[in-house]
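Asks: One-letter residues, chain by chain:
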Amino acid sequence: MSAAGLKHRGNTLWIAAMIHRISGLALAIFLPIHFFVLGLAFHGGAHLDKFLRWSDQPLVKLAEGGLVFLLTVHLLGGLRLLVIENLDWRDGQKQLATLAAASAAVVAFIFLVRVF
Amino acid sequence: MNVRLYVWQRATAALMAPLVLIHIAVIFYATRQNLTAADILSRTHGSIVWAAYYGIFVAAVSIHASIGVRNILAEWSPLSERRAGLFAVVVGMVLMLLGVHAIVALVVT
Numbered sequence: 001m002s003a004a005g006l007k008h009r010g011n012t013l014w015i016a017a018m019i020h021r022i023s024g025l026a027l028a029i030f031l032p033i034h035f036f037v038l039g040l041a042f043h044g045g046a047h048l049d050k051f052l053r054w055s056d057q058p059l060v061k062l063a064e065g066g067l068v069f070l071l072t073v074h075l076l077g078g079l080r081l082l083v084i085e086n087l088d089w090r091d092g093q094k095q096l097a098t099l100a101a102a103s104a105a106v107v108a109f110i111f112l113v114r115v116f
Numbered sequence: 001m002n003v004r005l006y007v008w009q010r011a012t013a014a015l016m017a018p019l020v021l022i023h024i025a026v027i028f029y030a031t032r033q034n035l036t037a038a039d040i041l042s043r044t045h046g047s048i049v050w051a052a053y054y055g056i057f058v059a060a061v062s063i064h065a066s067i068g069v070r071n072i073l074a075e076w077s078p079l080s081e082r083r084a085g086l087f088a089v090v091v092g093m094v095l096m097l098l099g100v101h102a103i104v105a106l107v108v109t
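The listed protein sequences derive, respectively, from chains A and B. In case it helps, our numbering puts the first sequence at residues 1 to 116. In case it helps, our numbering puts the second sequence at residues 1 to 109.
Only chain B is shown next, with the shape it has when bound in the complex (with noise of 0.2 Å):
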């Protein structure tokens, strides 16, 4: 890993532990309240707080975890670090479009 790589996913990391920490009493609160999608769209539409908490979230996790799978990919499988960053492009870009497929469907729509 380069020192470009190693220090966005450093980061990234420092960015999402508070909000992993916040995200954790959201899973314990929300399983706790047996929500409904209409309870959880009721709290989430139109809300800038939540659109701009998870959309930090999800920019974060998807630089974070890409970089994590083209570290494990150079090391572990027999794939050039060159295709392992590729690969790791690839699945950070999806992890942005689902991301933000799921924020605009919970705040938006």
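Next up, chain A with everything else stripped away, as it sits in the complex (with noise of 0.2 Å):
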């Protein structure tokens, strides 16, 4: 593809819906990985007693941060893309596509910090 072809790539709502997409994707690889894990606690809890033990290690509870981030960006992305698409235009777009992406981030940090 040619440079100009590519030029929407640094568009910022381009960025966006990558993000949104990404982010479900993701929690879509997840989301079985979530249910599994909770379905340990089948027949009592001592598997997922082991489990919650393991997850007990700071690289675990960075990816539960990062698991965080990506629930609340797709979360505020969609609202985004609903928004859009049933009511009237709002200009300003780009902005509310970034303050999406810097809620989520705040709110992971937020989760970090409350887990450390």
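Keep in mind that the hints are not guaranteed to be accurate.
The following label-pair restraints were derived from C-beta to C-beta distances [stated by the list, open to error]:
#: 1; chain 1: A; residue 1: 5; chain 2: B; residue 2: 34; range: 47 to 53 Å
#: 2; chain 1: A; residue 1: 3; chain 2: B; residue 2: 86; range: 34 to 40 Å
#: 3; chain 1: B; residue 1: 47; chain 2: A; residue 2: 22; range: 32 to 38 Å
#: 4; chain 1: A; residue 1: 99; chain 2: B; residue 2: 33; range: 27 to 33 Å
#: 5; chain 1: A; residue 1: 116; chain 2: B; residue 2: 86; range: 41 to 47 Å
#: 6; chain 1: A; residue 1: 50; chain 2: B; residue 2: 79; range: 48 to 54 Å
#: 7; chain 1: B; residue 1: 7; chain 2: A; residue 2: 110; range: 32 to 38 Å
#: 8; chain 1: B; residue 1: 8; chain 2: A; residue 2: 18; range: 20 to 26 Å
#: 9; chain 1: B; residue 1: 93; chain 2: A; residue 2: 5; range: 37 to 43 Å
#: 10; chain 1: A; residue 1: 7; chain 2: B; residue 2: 43; range: 51 to 57 Å
A few chain B residues that face chain A, going by a derived Cβ cut-off under 10 Å, partial list only [stated by the list, open to error]:
#: 11; residue: 48
#: 12; residue: 56
#: 13; residue: 65
Not the full set, but computed from the structure, chain A residues with beta-carbon under 10 Å of chain B [what the hints assert, rightly or not]:
#: 14; residue: 12
#: 15; residue: 45
#: 16; residue: 52
#: 17; residue: 81
Source of the hints: derived by calculation from the structure; they are not laboratory data. Each residue gets a CB set at the ideal place from its N, CA and C atoms; glycine is no exception.
Join the two chains into one complex using the hints; note that each chain is given alone, in its own frame.
Replies: Shown next as structure tokens:
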């Protein structure tokens, strides 16, 4: 593809769409693991307890912070899309997309501060 | 994506928005409390509210995620729309089964 054809990829709203898509894909990959772990509670909590103790490691907590970011940024990006598609057009979409990503980063940071 | 899938994806997104907000609050609460499995089960076991909340959540996310996966495969992979659709149905069913299994484990058993 020519340089001119790739120019749109630097656009804030293209990046926002890509973040929405990648975060959704990452969450779809994570979900079966999440459900499987919760299913460990079957017939008492011994297996789940073992997992909870394992998850009490710094790297796992960091990964959980990443998941909180992905979930929040996907939620906020999705809300922005629903508003665009169902309500009157509003200017400042680039600012709203940036605000969504920044808010998700703040939420993930607060999560990490609380768990460490 | 056809109109039917578009409407399902947007409807499940709108339905899940408040559920995700509550879920994030639960994540913050649960990690702060340093809950054990017994603590978690004592809160969820026998709870119709948690069963209903996560039942709706699992159904909505299974539909929403499988449509999203279908769209990504159809646009970014060499798979045909038909094969992408079939793969997405499998993804949706796996999510639904694992999700229901998790709810039963937390609420019923």
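Asks: Each hint needs a verdict: does it hold in this structure or not?
Replies: Here is what the structure says about each hint:
1. 5(A) with 34(B): 47 to 53 Å: 52 Å, holds
2. 3(A) with 86(B): 34 to 40 Å: 38 Å, holds
3. 47(B) with 22(A): 32 to 38 Å: Since the Cβ atoms of residue 47(B) and residue 22(A) sit about 35 Å apart, the hinted range of 32 to 38 Å holds.
4. 99(A) with 33(B): 27 to 33 Å: 30 Å, holds
5. 116(A) with 86(B): 41 to 47 Å: 44 Å, holds
6. 50(A) with 79(B): 48 to 54 Å: This hint is violated: roughly 38 Å between Cβ atoms.
7. 7(B) with 110(A): 32 to 38 Å: About 35 Å separates the Cβ atoms of residue 7(B) and residue 110(A), which means 32 to 38 Å holds.
8. 8(B) with 18(A): 20 to 26 Å: 23 Å, holds
9. 93(B) with 5(A): 37 to 43 Å: 39 Å, holds
10. 7(A) with 43(B): 51 to 57 Å: 52 Å, holds
11. 48: 18 Å, violated
12. 56: 15 Å, violated
13. 65: 4 Å, holds
14. 12: Constraint on residue 12(A) not satisfied, violated at 21 Å.
15. 45: At 3 Å from the nearest chain B Cβ, residue 45(A) passes the 10 Å test, so the hint holds.
16. 52: 6 Å, holds
17. 81: Constraint on residue 81(A) satisfied, holds at 8 Å.
Hints 6, 11, 12, 14, counting from the list given before, are not met by this structure.
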